[in-house]
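A.B. asks: Residue numbers (numbering that gives the first Met the number 0), protein chains in the order written: chain U, 0 to 383; chain G, 0 to 383.
No wet-lab data here; the hints were simulated from the structure.
Please note that the accuracy of each hint is not assured.
If chains are identical, the list can't say which one is meant, so a pair holds when it fits in one copy or spans any two.
[Unchecked claim] Heads up, simulated DSS-like pairs for lysine-lysine below, C-alpha to C-alpha not over 25 Å straight-line:
| hint | residue 1 | residue 2 |
| --- | --- | --- |
| 1 | Lys16 | Lys176 |
| 2 | Lys273 | Lys137 |
| 3 | Lys330 | Lys16 |
| 4 | Lys273 | Lys16 |
| 5 | Lys330 | Lys137 |
| 6 | Lys338 | Lys378 |
| 7 | Lys378 | Lys330 |
| 8 | Lys221 | Lys176 |
What you are looking at is a predicted structure, and each value in this text was computed from that prediction instead of being measured.
2 protein chains.
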Amino acid sequence: MSNDNPRRGLQLRSLIKPDGELELSLVSVDAPAPAPDEVVVRIEAAPINPSDMGLLFGAADMDTLRSTGSGTGAVTTARVPERAMRAMAGRLGQSLPVGNEGAGVVIDTGTSAAAQALLGKTVAVLGGAMYSQYRTIKDEQCLVLPPGATPAEGASCFVNPLTALGMVETMRREGHKALVHTAAASNLGQMLNRICIHDGIALVNIVRKPEQVALLRAAGAKHVCSSASPTFIEDLIQALVDTGATIAFDATGGGKLAGQILTGMEAALNRSAKEYSRYGSSTHKQVYLYGGLDTSPTEFTRNFGMAWGMGGWLLTPFLQRIGPHATQALKQRVADELKTTFASRYSAEISLAEALQPEAIARYGQRATGAKVLIHPNKDIAAA
Amino acid sequence: MSNDNPRRGLQLRSLIKPDGELELSLVSVDAPAPAPDEVVVRIEAAPINPSDMGLLFGAADMDTLRSTGSGTGAVTTARVPERAMRAMAGRLGQSLPVGNEGAGVVIDTGTSAAAQALLGKTVAVLGGAMYSQYRTIKDEQCLVLPPGATPAEGASCFVNPLTALGMVETMRREGHKALVHTAAASNLGQMLNRICIHDGIALVNIVRKPEQVALLRAAGAKHVCSSASPTFIEDLIQALVDTGATIAFDATGGGKLAGQILTGMEAALNRSAKEYSRYGSSTHKQVYLYGGLDTSPTEFTRNFGMAWGMGGWLLTPFLQRIGPHATQALKQRVADELKTTFASRYSAEISLAEALQPEAIARYGQRATGAKVLIHPNKDIAAA
Chain U
0 MSNDNPRRGL
10 QLRSLIKPDG
20 ELELSLVSVD
30 APAPAPDEVV
40 VRIEAAPINP
50 SDMGLLFGAA
60 DMDTLRSTGS
70 GTGAVTTARV
80 PERAMRAMAG
90 RLGQSLPVGN
100 EGAGVVIDTG
110 TSAAAQALLG
120 KTVAVLGGAM
130 YSQYRTIKDE
140 QCLVLPPGAT
150 PAEGASCFVN
160 PLTALGMVET
170 MRREGHKALV
180 HTAAASNLGQ
190 MLNRICIHDG
200 IALVNIVRKP
210 EQVALLRAAG
220 AKHVCSSASP
230 TFIEDLIQAL
240 VDTGATIAFD
250 ATGGGKLAGQ
260 ILTGMEAALN
270 RSAKEYSRYG
280 SSTHKQVYLY
290 GGLDTSPTEF
300 TRNFGMAWGM
310 GGWLLTPFLQ
320 RIGPHATQAL
330 KQRVADELKT
340 TFASRYSAEI
350 SLAEALQPEA
360 IARYGQRATG
370 AKVLIHPNKD
380 IAAA
Chain G
0 MSNDNPRRGL
10 QLRSLIKPDG
20 ELELSLVSVD
30 APAPAPDEVV
40 VRIEAAPINP
50 SDMGLLFGAA
60 DMDTLRSTGS
70 GTGAVTTARV
80 PERAMRAMAG
90 RLGQSLPVGN
100 EGAGVVIDTG
110 TSAAAQALLG
120 KTVAVLGGAM
130 YSQYRTIKDE
140 QCLVLPPGAT
150 PAEGASCFVN
160 PLTALGMVET
170 MRREGHKALV
180 HTAAASNLGQ
190 MLNRICIHDG
200 IALVNIVRKP
210 EQVALLRAAG
220 AKHVCSSASP
230 TFIEDLIQAL
240 VDTGATIAFD
250 ATGGGKLAGQ
260 ILTGMEAALN
270 RSAKEYSRYG
280 SSTHKQVYLY
290 GGLDTSPTEF
300 TRNFGMAWGM
310 GGWLLTPFLQ
320 RIGPHATQAL
330 KQRVADELKT
340 TFASRYSAEI
350 SLAEALQPEA
360 IARYGQRATG
370 AKVLIHPNKD
380 IAAA
């Protein structure tokens, strides 16, 4: 390809065709010339978050992954099962860029003073299409990293840190005093644990494996329950009694866990109940499903009274609800604590071409604790 | 029994013993002498609502019902399965009176002018323990029925009418413009249908049987979907497109229906979507579970984006939230439209003794449309 435009580069695309084939490929695109209030960022690090995988793979059956071609010309495909196609209807035939967040260096700017002030700076960006070599974005979407911070250190500035802070903020705004988190050994869960320890908030961590209990305890967590333990329900109730948590954020989404948490909260509340009410405790119990690590249906037995709620929780609408001023305060905290509270770890850094390879997908697609991967869109790119 | 106290009478009690036996019986109690702001009501009609049955029978297995003794001395028992005993923990060993609402005649009053003004009046009361011959209650809890209205006509003044009005009020307060109701051919559902027709609100009625479609259509309902139909999901989506309903009240609670409604709402919203969002429509979709006609677990597939909520809905906390002024306005509407919008029908009127008989329970306990029963606590009571 000819590269006479310094903003021309590769971008990862996900396409689901009307016949049910998912196709991942790299396309060459020109990042637009910056408007006065815009800058062009050379992206050097972008994490693959669980929230990115939904757009990347859709409802495709990962056992059907195949790849043809090689390097940046590779095309990887998979089948979307017929039963899942209804949920894909809105995106059929659209070649979609992927990558919610990333970080890189500002290589060109518009004419405004605010934009020009960013030239050469290392910035973090939330704005989609981050699995691209170059991105043109508004200057106000950039968060300037502290001196000395690398793009890799700032790549996950937004999704996980703001989600973790958003959970604590939601807890406060909805009148709860402690919270529950599932898949608590995740990168996000470890951040939330650090935030809660720092802010003196009681947190019940639910994990799936014994070794994750040790990991969180070593990080100072006081309440850790493993759903693999035969005493899980009793352990959970005791932690809920100890903390008084009546709101939970569940990353698994499917299966019985969300309902078990409501059941546990009700049991904990009833331990101190003075009088029987057939409608259960009058204290509102809430579980927000913010992820879907467990893709099976959600199922619960309604044995937790009538004062309960379950619902979706998503970062962007939450930030819209709290408004720009409160959002900015959260972002500033992330920048201030980037190398401590909000530090992320990655198991690998891969190129755009590597991100298409089935062997790489098999690793980063498993959504396992400790397997988070960083894409470096300008790695291994031969100058044209 | 001796009856030298004119306020002494029988009261139906439900007791679950720690060993798991449910026991229904009649006990003789003295209604307290009225305080200055209280009145004594001779209860002549009290409905058995689904919400009463939860307290009456708890989690007992209805196939194990047995009765010993006869008449007002009968004792009826049933077994609560071991797995359900945790949910009963709060009421074990307590002999609980039953009956949320009823109507009757004021036979004695306290010394206040407001109380004395009620003497001889036929009133409706919400206050628990209505399956009693006599109830002493605050004058302000009484709703004076319109001239000529009988206790039977006023017996269901509160639970169903206020619940139906509360659904419409919740819809308005939470910013929705149309609503969905399940088990829509119920007494409550027919009321809601009349309210919505009167107020010009679009209502999607979901029923379980073809004959219930005809019943609601004959009552003027425009959108009626039968979950027994092979085209149910498509019919539901079309009705949601036509009405724009984004809030539902589900009486069944268990099974897949609540989730299907959310799925249908999302599909309806996506028909007019301009752009794909992997997180689904940004319009909030809400289903409130206000009953549990289906006692199986609740199950749903999360294919309706992230802007959704599910939760319990209960009349009393709702009325507390809207406050006494708004509550009084709803009550006045019920009194004004008692013989039209809020008319109830009953399949039988039974005595307290009859309410204990397994054959009667087999009828009124089935919670079927058109099988609502009225208890007349002063029927067939021999003067002592």
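A.B. asks: Hints first: check each against the structure and report whether it holds.
C.D. replies: So, going through the hints one by one against the coordinates:
1. Lys16 / Lys176: neither (47 Å within a copy, 36 Å between copies)
2. Lys273 / Lys137: Answer is between; shortest inter-copy Cα gap is 24 Å, intra-copy 57 Å.
3. Lys330 / Lys16: neither (38 Å within a copy, 56 Å between copies)
4. Lys273 / Lys16: This pair counts as between: shortest inter-copy Cα distance 18 Å, intra-copy 59 Å.
5. Lys330 / Lys137: within (16 Å within a copy, 55 Å between copies)
6. Lys338 / Lys378: within (24 Å within a copy, 77 Å between copies)
7. Lys378 / Lys330: Intra 28 Å, inter 70 Å, cutoff 25 Å: neither.
8. Lys221 / Lys176: within (16 Å within a copy, 46 Å between copies)
In the structure shown, a violation is registered for the earlier hints numbered 1, 3, 7, in ascending order.
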